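S.K.: So you can see what is in the structure, the chains are spelled out below.
Number of protein chains: 2
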Amino acid sequence: MRQVTIKALARELRLSVSTISKALRDSHEISDATKRRVLELAARLNYSPNPYASSLRGRKSRNIAIVIPEVADSFFSLAINGITSVTKEKGYHSIICLTHEDYKDEQDILKAFHNGRVDGVLISVSGTTESGAHIRGLMDQGVPVVLFDRVLPDVPAPKVVTDDAASARNATQLLLDHGCRRIAFLGLSPQLSISADRLAGYEAALRENHYQPKAKDILSCGAGQQQNLLAIKKLLRQKDRPDGIVAAVEKLAPLVYQACNELSLRIPEDVKLICFSSLEIAGILQPSLSTVTQPAFEMGAKAAGLLMKLMAGKRAEMEVVVSAELTERVSSG
Amino acid sequence: MRQVTIKALARELRLSVSTISKALRDSHEISDATKRRVLELAARLNYSPNPYASSLRGRKSRNIAIVIPEVADSFFSLAINGITSVTKEKGYHSIICLTHEDYKDEQDILKAFHNGRVDGVLISVSGTTESGAHIRGLMDQGVPVVLFDRVLPDVPAPKVVTDDAASARNATQLLLDHGCRRIAFLGLSPQLSISADRLAGYEAALRENHYQPKAKDILSCGAGQQQNLLAIKKLLRQKDRPDGIVAAVEKLAPLVYQACNELSLRIPEDVKLICFSSLEIAGILQPSLSTVTQPAFEMGAKAAGLLMKLMAGKRAEMEVVVSAELTERVSSG
Chain A
1 MRQVTIKALA RELRLSVSTI SKALRDSHEI SDATKRRVLE LAARLNYSPN
51 PYASSLRGRK SRNIAIVIPE VADSFFSLAI NGITSVTKEK GYHSIICLTH
101 EDYKDEQDIL KAFHNGRVDG VLISVSGTTE SGAHIRGLMD QGVPVVLFDR
151 VLPDVPAPKV VTDDAASARN ATQLLLDHGC RRIAFLGLSP QLSISADRLA
201 GYEAALRENH YQPKAKDILS CGAGQQQNLL AIKKLLRQKD RPDGIVAAVE
251 KLAPLVYQAC NELSLRIPED VKLICFSSLE IAGILQPSLS TVTQPAFEMG
301 AKAAGLLMKL MAGKRAEMEV VVSAELTERV SSG
Chain B
1 MRQVTIKALA RELRLSVSTI SKALRDSHEI SDATKRRVLE LAARLNYSPN
51 PYASSLRGRK SRNIAIVIPE VADSFFSLAI NGITSVTKEK GYHSIICLTH
101 EDYKDEQDIL KAFHNGRVDG VLISVSGTTE SGAHIRGLMD QGVPVVLFDR
151 VLPDVPAPKV VTDDAASARN ATQLLLDHGC RRIAFLGLSP QLSISADRLA
201 GYEAALRENH YQPKAKDILS CGAGQQQNLL AIKKLLRQKD RPDGIVAAVE
251 KLAPLVYQAC NELSLRIPED VKLICFSSLE IAGILQPSLS TVTQPAFEMG
301 AKAAGLLMKL MAGKRAEMEV VVSAELTERV SSG
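Chains as they are written, first to last, in UniProt numbering: chain A, 1 to 333; chain B, 1 to 333.
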């Protein structure tokens, strides 16, 4: 008897080989109706998977990749721990690849995964990433992807994010409640989801309090910390300088401390500050730093859980939004 | 004419195939005399490398692995940047693998590299690593390895380290100079090179000043920060508590701040503190933290440079010792 192949099933049902293959794997990408048709025909023709092909398909690397901009940031180091708490239990090695906020590097890294070196990818995109084509390209190779924290709207993969706009709005409102009348926003590239959403929250809070957001109070900080410091000092050296600052990422807070110190401005008397940060030592800074803290470990664990589902051919939620926690300390008050 | 193989050269010279292969690659592991014998015979027999085998041998992954205990530590995040500053320029991807201070994890990670997944490995061993057999096993597979910071004496690979004993001795002397009479030492596992060397420096300084190191003033801190905090509080709750602390790793400093805070002890009035740390924000802690800072970026870059040499079959220095910098701030003074 001639061996019934996936190709034969595809021909018979006028479906693609990939659809048949996914249906047999019970992938969520295939409708239940189609799955039923495929399974019925497979049963009728006495189809059994080619053991050699099956072994090839089953030859997993047991590696998952964590692609992130940097590790010198408490959010990412905690998120990594959350991820590995899940992947390790499932018997996967995690390899971490850093993009150093470089789009080209990020593209190269994902390109290297086309050959099946990893079974799945968790990614938080760089600050210079312009499109999700490289991520979609990897997904087209059948590699499951989950985005976390820094996401892209044009990538049809599950995303784990914080309620960034609401958190920034609350942070800005806190400074307004403490008497600030001119609040600056320190972000990263405006094309970065987290930066854009946090900026939107900041602007919303200002407008709700009848202030007009001003372009000169909104800084886009880049990868160079020295340049960022100069920009912050320039901002604070103006005659009508801001009396409050909302900083969108952890690495900007120490620069505000340094700038204030060099300009003899006191925190919080002259400039109030609140920062998105997972820094565990925020409480022992001088003065202690008010923070918006994302549940980094939980976000990592949740993203890894979604990836494990995808890798098992199961359906995963397309968006998980978690809340950040606002902690008032001395710097904002 | 029959093809002259490496095997034939080996038979003729009564050397191993691996020795011939290394000699033809100009590896530093082979003496000049042997290389000359091999090359002379190869020329005489008109040996030319099998293009297929050569291509297989030449098929590099273009990946190097950085195997470290954690990333939530400024030393490692800066060292990674130093490493990638070198590897990127040479066209290598760096993948980071975390052991989470677990010997078993470290063994598993290196085992996974036996199949040629990476072209070279930079490693700083975990706090629970008991022997270097797993590293030697990887080296036996022909994978070049360089150790940095946390090294093992029984691994015959190049090492990049800090003058740990001298640095700890200077740090301890600083506290003695500021009037401390009973100084405690907070380390990690005593089997860890950096912890043992820093402890030795601390003990040397005490002895030079006619103090006898006491076992109860020397803590071995583990991976659990909550447990470490309890141990530090117990240390500081004694009637004749220490008036100075030398902390051997960055993550222990915040615990001392927290313990002092909870016990209403003032830093530096009641307890003086100096810590090995690459924390860039040491200066804005409350009070600012006196530090022994290793040149983390440079150590990473140096280690990567040595690995590149090994991967090119060249000779590399077996030990590079760099100096740490002592910075006095408020906590020690």
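FYI, nobody ran anything at the bench for these hints, they're computed from the structure. Bear in mind the structure is a predicted one, so any value in this text is a computation, not a measurement. Careful, some of the hints might be misleading.
Claimed, not checked - Some residues of chain A that are not near chain B, with every Cβ distance over 12 Å (derived):
| no. | residue |
| --- | --- |
| 1 | A8 |
| 2 | R11 |
| 3 | E12 |
| 4 | S18 |
| 5 | E29 |
| 6 | I68 |
| 7 | D108 |
| 8 | A112 |
| 9 | R117 |
| 10 | E130 |
| 11 | S193 |
| 12 | V256 |
| 13 | E328 |
Claimed, not checked - What follows is a set of in silico ranges between Cβ atoms, one per label pair, in the way DEER data are often shown:
| no. | chain 1 | residue 1 | chain 2 | residue 2 | range |
| --- | --- | --- | --- | --- | --- |
| 14 | B | E319 | A | S18 | 51 to 61 Å |
| 15 | B | S18 | A | R14 | 50 to 60 Å |
| 16 | B | Q191 | A | V17 | 49 to 59 Å |
| 17 | A | E325 | B | Q226 | 18 to 28 Å |
Unchecked claim - Calculated pairs, DSS-like style, for lysine-lysine (alpha carbon to alpha carbon, straight line, at most 25 Å):
| no. | chain 1 | residue 1 | chain 2 | residue 2 |
| --- | --- | --- | --- | --- |
| 18 | A | K111 | B | K88 |
| 19 | A | K90 | B | K111 |
| 20 | B | K233 | A | K104 |
| 21 | B | K35 | B | K314 |
| 22 | B | K60 | B | K22 |
| 23 | B | K88 | B | K104 |
| 24 | B | K88 | A | K88 |
| 25 | B | K22 | B | K90 |
| 26 | B | K233 | B | K216 |
| 27 | A | K104 | A | K90 |
| 28 | A | K104 | B | K60 |
| 29 | B | K104 | A | K90 |
| 30 | A | K111 | B | K60 |
| 31 | B | K214 | A | K111 |
| 32 | A | K35 | A | K22 |
| 33 | B | K35 | A | K88 |
Note that beta-carbon positions come from the ideal geometry of N, C-alpha and C, so glycine has one too.
S.K.: Between the alpha carbons of K60 of chain B and K22 of chain B, is the straight-line distance 25 Å or under?
M.R.: 16 Å, holds
S.K.: Mind verifying the non-interface call on I68 of chain A? Its CB should be farther than 12 Å from each CB in chain B.
M.R.: Since the minimum Cβ distance to chain B is about 10 Å, I68 of chain A lies within 12 Å and the statement is violated.
S.K.: Over 12 Å to the closest beta carbon of chain B is the bar; see if E130 of chain A clears it.
M.R.: 20 Å, holds
S.K.: Taking the minimum C-beta separation from A8 of chain A to chain B, is that value above 12 Å?
M.R.: The claim holds: A8 of chain A sits with its nearest Cβ about 35 Å from chain B, beyond 12 Å.
S.K.: Is K35 of chain B close enough to K88 of chain A, meaning Cα to Cα at most 25 Å?
M.R.: 46 Å, violated
S.K.: Given the hinted pair K88 of chain B and K104 of chain B, is their alpha-carbon gap at most 25 Å?
M.R.: 30 Å, violated
S.K.: The output says A112 of chain A does not contact chain B. Does that hold with a beta carbon cutoff of 12 Å?
M.R.: Nearest chain B Cβ is 6 Å from A112 of chain A, so the label is violated.
S.K.: Next pair to validate is K22 of chain B with K90 of chain B; report whether the Cα-Cα distance is within 25 Å.
M.R.: 22 Å, holds
S.K.: Need the status of pair K35 of chain B, K314 of chain B: alpha-carbon distance at most 25 Å?
M.R.: 14 Å, holds
S.K.: I want to verify a distance hint. Is the separation of the beta carbons of E319 of chain B and S18 of chain A within 51 to 61 Å?
M.R.: 55 Å, holds
S.K.: So if I understand the rule, the pair passes when the alpha-carbon distance is 25 Å or less; does K104 of chain A with K90 of chain A pass?
M.R.: Violated, because 32 Å separates the two Cα atoms, which is more than 25 Å.
S.K.: Would you assess whether V256 of chain A, listed as outside the interface, keeps its beta-carbon beyond 12 Å of every beta-carbon in chain B?
M.R.: It is violated; V256 of chain A is separated from chain B by about 10 Å at its closest Cβ, not greater than 12 Å.
Consistency with the previously given hints fails for numbers 6, 7, 8, 9, 12, 20, 23, 24, 27, 31 and 33, ordered from lowest to highest.
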